[in-house]
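Read top to bottom, the protein sequences are chains C and A.
So that you can map any letter, position 217 of the first sequence is 217 in this note's numbering, and since no number is skipped, the others follow by simple counting.
So that you can map any letter, position 92 of the second sequence is 1092 in this note's numbering, and since no number is skipped, the others follow by simple counting.
It is worth saying that the hints were derived from the structure and are not from the lab.
Just so you know, not all the hints are guaranteed correct.
[Stated by the list, open to error] Derived DSBU-like pairs: lysine-lysine, alpha-carbon spacing no greater than 30 Å straight-line: (1) A/K1166 with A/K1067; (2) A/K1131 with A/K1109; (3) A/K1109 with A/K1067; (4) C/K130 with A/K1049; (5) A/K1056 with C/K130.
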Amino acid sequence: MSDVQNTDERIKETSRLRQALIRPELGGMVGTVAVFVFFALFAFDSGMFNAQGVMNWSVVSAQFMIIAVGACLLMIAGEFDLSVGSMIGFAGMMVAIFGVTFGVPMWLTIIITFVVCVGFGALNGYIVVKTGLPSFIVTLATLFILRGFTIFFPQTIERKTIIGGIREAAEGDWLAPLFGAKIGKPVFQWLGDIGVIDTFQRGNRLGEPVVDGIPMLMVWAIGLVIFGHWLLTRSRFGNWIFAAGGDADAARNSGVPVNAVKIKMFMFTAFCATVFAVCQVMEFGSAGADRGLLKEFEAIIAVVIGGALLTGGYGSVIGAALGALIFGVVQQGLFFAGVESSLFRVFLGVILLAAVILNTYIRRIITGER
Amino acid sequence: MADPIIQMKNIEKHFGSVIALAGVSVDVFPGECHCLLGDNGAGKSTFIKTMSGVHKPTAGEIVFEGKPLDFGDPRDAIAAGIATVHQHLGMIPLMSVARNFFMGNEPVKKFGPFKAFDHEYANKVAMAEMKQMGINLRGPDQAVGTLSGGERQTVAIARAVHFGAKVLILDEPTSALGVRQTANVLATIDKVRKQGIAVVFITHNVRHAMAVGDRFTVLNRGQTLGTAARGEITPEALQDLMAGGQEMAQLEGSLGGTV
Chain C
1 MSDVQNTDER
11 IKETSRLRQA
21 LIRPELGGMV
31 GTVAVFVFFA
41 LFAFDSGMFN
51 AQGVMNWSVV
61 SAQFMIIAVG
71 ACLLMIAGEF
81 DLSVGSMIGF
91 AGMMVAIFGV
101 TFGVPMWLTI
111 IITFVVCVGF
121 GALNGYIVVK
131 TGLPSFIVTL
141 ATLFILRGFT
151 IFFPQTIERK
161 TIIGGIREAA
171 EGDWLAPLFG
181 AKIGKPVFQW
191 LGDIGVIDTF
201 QRGNRLGEPV
211 VDGIPMLMVW
221 AIGLVIFGHW
231 LLTRSRFGNW
241 IFAAGGDADA
251 ARNSGVPVNA
261 VKIKMFMFTA
271 FCATVFAVCQ
281 VMEFGSAGAD
291 RGLLKEFEAI
301 IAVVIGGALL
311 TGGYGSVIGA
321 ALGALIFGVV
331 QQGLFFAGVE
341 SSLFRVFLGV
351 ILLAAVILNT
361 YIRRIITGER
Chain A
1001 MADPIIQMKN
1011 IEKHFGSVIA
1021 LAGVSVDVFP
1031 GECHCLLGDN
1041 GAGKSTFIKT
1051 MSGVHKPTAG
1061 EIVFEGKPLD
1071 FGDPRDAIAA
1081 GIATVHQHLG
1091 MIPLMSVARN
1101 FFMGNEPVKK
1111 FGPFKAFDHE
1121 YANKVAMAEM
1131 KQMGINLRGP
1141 DQAVGTLSGG
1151 ERQTVAIARA
1161 VHFGAKVLIL
1171 DEPTSALGVR
1181 QTANVLATID
1191 KVRKQGIAVV
1201 FITHNVRHAM
1211 AVGDRFTVLN
1221 RGQTLGTAAR
1231 GEITPEALQD
1241 LMAGGQEMAQ
1251 LEGSLGGTV
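Bound conformation, chain A alone (with noise of 0.2 Å):
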């Protein structure tokens, strides 16, 4: 395989006292689903803002296409191809989607010394996007939010797509879904991937990360657990990881092996 686009080399956060990353390495390869799982509060949401530019952190390296980064802004790194889906979606339920599609990267027509939201343009690439992600929407101007959340995932999906994203974040994209939206979504990520673009799939359901995840790196307490690509490790054994073994074992049992 090619070299890593993104290298997250022993990455430190801390908040005051609090030591929210205590030295995490990931790397990304173009083309792969690099599942990051852990539980609440391991340090993913943290982790994932470090590489999204949102936070900076407090020791380690970023190496970014080979080049050591130093992300000012979320802006820089959307610039430079890391685009994020939140948690949270980033989609704005009372916009259209045509107006969510191009939200901070408005096409622009110029009249003069005017320069105009590019209306005709907007609504024929996002209704063309979205079609390709298998969505066919009432209109450009539907508003997101009358989309139901697997959808609107896809939406922004797309969206990171079309802006050039080389690196994609998914922020815990099927935690809130049914099983079929799931579906959607995990679909989605699969053709993302086949695109050739760096995916980096946040979750703490292991059976969302293995069904579409190549490489599986556990984070706990602000700590790798290891990185194991597909096929070296059982879900069983994820799962035992990111609850720190023991304490879940136990569980477990009195609940019939079914969590």
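Next comes chain C alone, as it looks inside the complex (with noise of 0.2 Å):
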């Protein structure tokens, strides 16, 4: 132990600062208004900011979110899911194939295709826990293992590898909309009608205003962002998924069910990346078996920005959703803007190695490790 020597007077020195800094948001933040800042500055002409735009950018941030929450819980329970691309392919899949190919019930596909994905995620859970390997070997083989199923599946039953029809499928249905609908309509038409917002000047849709709802996509994000926080800092569950991440043997002996809390903390992963796969073929109205494809890798990233650390016990939800907003911000910004869309990927990495350096020297501070 490096740290033996400290007595208390030496370690009562930090600074105001310094506590501040070990808010694991406090990137997350920063960067938001960065971005933000940045975007406003070089981009406002562009639309970004129009309800189109923002519309835009919400839409593909709340995507991030979904699946950020889920990588971010099981992150600070000590364990990384590969799979979570994979299984986005997979879960969409699953809808197409058994909704549109068998002709099964949508609600009764939709329940099929959370059971067997959030299976998939106890199975994963199951043998981190039961065999001690490392997470990152174990769903890397789900990784290639779904992504496997998903193209196999449709080729051998359809002779294609992407499978349409969903939208009509779900059509009449009453689980669909839970994750293909919009809401709020009428207070966008509002919106529309007193000029807030532009409407349609010409075609089919004339009058209709452009943005015409909240999709359920995003009200899942925000959905999982609140319940994802609350059971993380307000529950007691949450106190041993940090316990979990931070020392598995010391949660362990203080009576804390590490291997459960690791399982359930899989199989939530595993529910939100087939929220976001079904949002996601009732929006396309198509499930392909490249769907997801690195999503495993953003969401980890998103994650990272937003503070916690890749060893466990460290991070906060509301971190990661921010995290996930300045990936959505800076994707989009950067079309909207005319950047060049392949710098998006330069920039990701420069966060990356930013974000991960802030959190090793955070951790040093919290830890008193030198």
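Since each chain comes alone in its own frame, lean on the hints to assemble the complex.
Here's what the structure looks like:
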């Protein structure tokens, strides 16, 4: 133990600034402000901040948020899930195959999809806690297995890798609107009528507002963020999540059911991925075998930008949500600003590196290591 | 003195072909500090893990408060009142003192169907308990990582006492500490003992044992070499027992009796 010699007097010298620094959300908050200031300066006239533009980056951010919440809680519990992206593709394909090809009622299709995918999450977790292998390797295996199935099943059954017709199959279903509908349409129509948001000037949607409602995807994102934040900071289970990731052995010694916590977090991550997938196929009306590619890394990056430690035991759902927001705003903002989109990846790499370095520094402050 | 709170009778523990414990008997009374001494590999850790429900004994009997016990897992032992403060602390550096204090025993407040972690209560109790042990925290949200090793041990001990430990097992609490911090931990042990809690203090440092111990049991190669009360045995004799006598004597000679 390196910090044995620390005495009380010396520890208490920490300044207020350093104390403020150890809030996990800090990086995300600063980043969010910086990103908005940047785009307000350089892309204000590009349409990024009118109703359509806001909806554009909000939807992208909401997508990131949904998977970031799951990845965040799992990372704080000390594990990774690299199969999120494949899970998104797999879940979407399940909806298409059951709902369209087999003609199963959409509500039943959605329920089956959730059960199977969350089951895969549980399997991931079970293998990780029983074998003690790094979740990195176990879920890397799942990444390939699920992606393989996502391509194999539509190829074998339909001889194609994109299956459409989901919107038609979901028509009139009672459960599908929970993922595919938009809410607040009258409000937006009214906002359009009084001129707050633009309306279509021609075509068959003449008179309708350009933004006609809040997609359920965003409602899910906000709901999951609130739930995740409450669970982590205000519930007993949240303490167990921190404990499981902070030091699994110490947590076990104190009577925390570490294995159950980890398995549940794998299941929650899978749940989030499935929500993402079902919302996506409802919006697009089709499922593709390549959907969700690289999403696992994007989720992890959002979480890390949000201040979580890769080693577990520390982080914030609000931070992860801000990380997702930064992600969405920058990805779409560069497009609005007319910047070559490949530069987004450069930005991503740079901000990821900066976030990890900042987080490591914060960790040293908290634990007194040096 | 009253009846022993816990009796370990002829405990044996085998791991495959290795006999870690070959019939160890120890009894502990409420309000006493029973020191368990032994060199590395003597079976101290295995013994206390058996006592705290981590391992099941291969043979032998554990009697707790007059009744034979059969712990399924550590939670049973904790529920019964046998708490262990581990060598590697059982504290999570990244978490706050209050969160650590209530880890696994979180107080909850009900909001209709929801049960929330009662932070207000947790913070208040953690601060009060720490103060009682002589540690003034900056705040209940101070991370355990910022505490010194001795303070961390004290948090762990205070936690065990708060949750109604009747038997407190301390696994080498002083082995990684400096002089002053060791003194603090020993003082904490003394406070706990005076509250009527049975303390099992595992150490390989005879001086630390002598400072607070009421009785001393030496383990060597999985067996007890007998129990002695305070005043019945000299530190030198304990040291010899721990090391198995002969080789140690030679070493001590060459080191001028400083070990």
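Checked hints:
A threshold of 30 Å between alpha carbons decides the hint, and for A/K1166 with A/K1067 the separation of about 15 Å falls inside it, so the pair holds. With a C-alpha separation of about 25 Å, the suggested pair A/K1131 and A/K1109 falls inside the 30 Å cut-off, and the hint holds. A C-alpha spacing of about 35 Å is found between A/K1109 and A/K1067, which places the hinted pair above 30 Å, so the restraint is violated. Note on C/K130 and A/K1049: the hinted pairing holds, with a Cα-Cα distance of about 22 Å set against a maximum of 30 Å.
Proposed proximity of A/K1056 and C/K130 is supported: the alpha carbons are some 20 Å apart, at most 30 Å.
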